[in-house]
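> Single-letter residue listing:
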Amino acid sequence: MVSPAHFVALAVVLFVIGAVGVLARRNALIIFMCVELMLNAVNLAFVAFARLHGNLNGQVIAFFVMVIAAAEVVVGLAILTSIFRARRSASVDDANLLKY
Amino acid sequence: MKPGMVLAVGMAQETQSLAFWVLAVVAVAAALGMVLARRAVHCAVLLAVVMLSLAVFYAMLGAPFLAFVQVIVYTGAVLMLFLFVVMIVGVSSADSLVETIRGQRVAAILVAIGMLVLLCLIIGNAVIGPSAPATSSYSGGNLLGLATLIFTTYVFPFEVTSALLITAALGAMVLAHRERTGPKPTQRELARQRVLSGRPAPLPGPGTYARHNAVDMPALLPDGSPSTLSVSPVIARRIELGTGEFPAPPSETLTSGEVVPSDSEGGHPSEDDEHEGARW
Numbered sequence: 780m781v782s783p784a785h786f787v788a789l790a791v792v793l794f795v796i797g798a799v800g801v802l803a804r805r806n807a808l809i810i811f812m813c814v815e816l817m818l819n820a821v822n823l824a825f826v827a828f829a830r831l832h833g834n835l836n837g838q839v840i841a842f843f844v845m846v847i848a849a850a851e852v853v854v855g856l857a858i859l860t861s862i863f864r865a866r867r868s869a870s871v872d873d874a875n876l877l878k879y
Numbered sequence: 085m086k087p088g089m090v091l092a093v094g095m096a097q098e099t100q101s102l103a104f105w106v107l108a109v110v111a112v113a114a115a116l117g118m119v120l121a122r123r124a125v126h127c128a129v130l131l132a133v134v135m136l137s138l139a140v141f142y143a144m145l146g147a148p149f150l151a152f153v154q155v156i157v158y159t160g161a162v163l164m165l166f167l168f169v170v171m172i173v174g175v176s177s178a179d180s181l182v183e184t185i186r187g188q189r190v191a192a193i194l195v196a197i198g199m200l201v202l203l204c205l206i207i208g209n210a211v212i213g214p215s216a217p218a219t220s221s222y223s224g225g226n227l228l229g230l231a232t233l234i235f236t237t238y239v240f241p242f243e244v245t246s247a248l249l250i251t252a253a254l255g256a257m258v259l260a261h262r263e264r265t266g267p268k269p270t271q272r273e274l275a276r277q278r279v280l281s282g283r284p285a286p287l288p289g290p291g292t293y294a295r296h297n298a299v300d301m302p303a304l305l306p307d308g309s310p311s312t313l314s315v316s317p318v319i320a321r322r323i324e325l326g327t328g329e330f331p332a333p334p335s336e337t338l339t340s341g342e343v344v345p346s347d348s349e350g351g352h353p354s355e356d357d358e359h360e361g362a363r364w
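Listed in order, the protein sequences are those of chains A and B.
Just add 779 to wherever you are in the first sequence, counting from 1, and you've got the numbering used here.
Just add 84 to wherever you are in the second sequence, counting from 1, and you've got the numbering used here.
In isolation and in its complexed conformation, chain A is listed as follows (with noise of 0.2 Å):
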């Protein structure tokens, strides 16, 4: 039997190895799919706890959230084609023009 402790165990893995790519890696791209990928962990746990707690205001939660990751990624994929238009490159070490 599956209980929602269980998705929740695993929302919190996913979690984790996204946010170990946000920190580790320095492609802006790959920082933004863990991004994704750690906003998709956080949907699970909701929709975890609207199955718990037997009412749907979890899954509206989540819904919200994958509207704002929708919006988030427009605007964060436009800055990054910008950047490397600029600066030939979608390394977050390059972007650096505002370093003391």
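Treat the hints as calculated values from the structure; they're not laboratory data.
Some clues are possibly wrong.
[What the hints assert, rightly or not] Short derived list, chain A residues pointing at chain B, Cβ under 8 Å: (1) Leu-816; (2) Met-817; (3) Gln-838.
The C-beta atom is built at its ideal place from N, Cα and C for all residues, glycine as well.
Once you've looked at the hints, dock chain B against the given chain A.
The following block gives chain B in isolation, referenced to the frame of chain A:
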């Protein structure tokens, strides 16, 4: 229960737990592979695997609407956008493995272990009981229940979301817009440039008179020697990087007036060359 809701909570418990364990392993393995893969394309494909298995999890948890939204919006739209940008930025682009900040990876792994322990302790302390009894809002009435909630309790966040989406679309257009630095060349100027370049005719197509007609096969000139001009510079570059074979062209095939593909010396950033991204 409708036939389409088979995936939802009506699934037999043994099937559900088998599906959970198989897909959990798949999702975690794909997520790990995403963190470890060097190329951005591989990361995107592995992320698609994670998202599709999450869609099945949503269906198992009684959220059929979210399962389909996950497939359509995330795997369909967001990941395609990612792949699109990967293609713009360069397919062969691989992350360099040189650590610029010393000890960054070790620190990242330590932080991750700490976070995992913390979250596991929090979850272990919380009492997560068995799920509430399956009502119709987890199968057939899911869409109705969600719609009721969105348009009553959450109607203000919903409206704010629409404003956010419009702003994001505008922002993306503004950010991705490229300003033209010089005036647009007219057709007359283009024709003049072409005649002055010494090669008014189009470049030879690949594979002509060669043994194969693949795009990476240089055309043979009338004297039997291969012509470097017939292969697209992008493909020639890829072959140069060691993923294929390219017969070394004898230099006498280039007559004095011919334009040598300029990418062979490796990367001056011309404005329209979006394909070279191998350096990061």
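> Evaluate each hint against the coordinates.
Verification of the supplied hints:
| no. | hint | verdict |
| --- | --- | --- |
| 1 | Leu-816 | 6 Å, holds |
| 2 | Met-817 | 10 Å, violated |
| 3 | Gln-838 | 5 Å, holds |
The structure fails to meet hint 2 from the earlier list, while all remaining hints are met.
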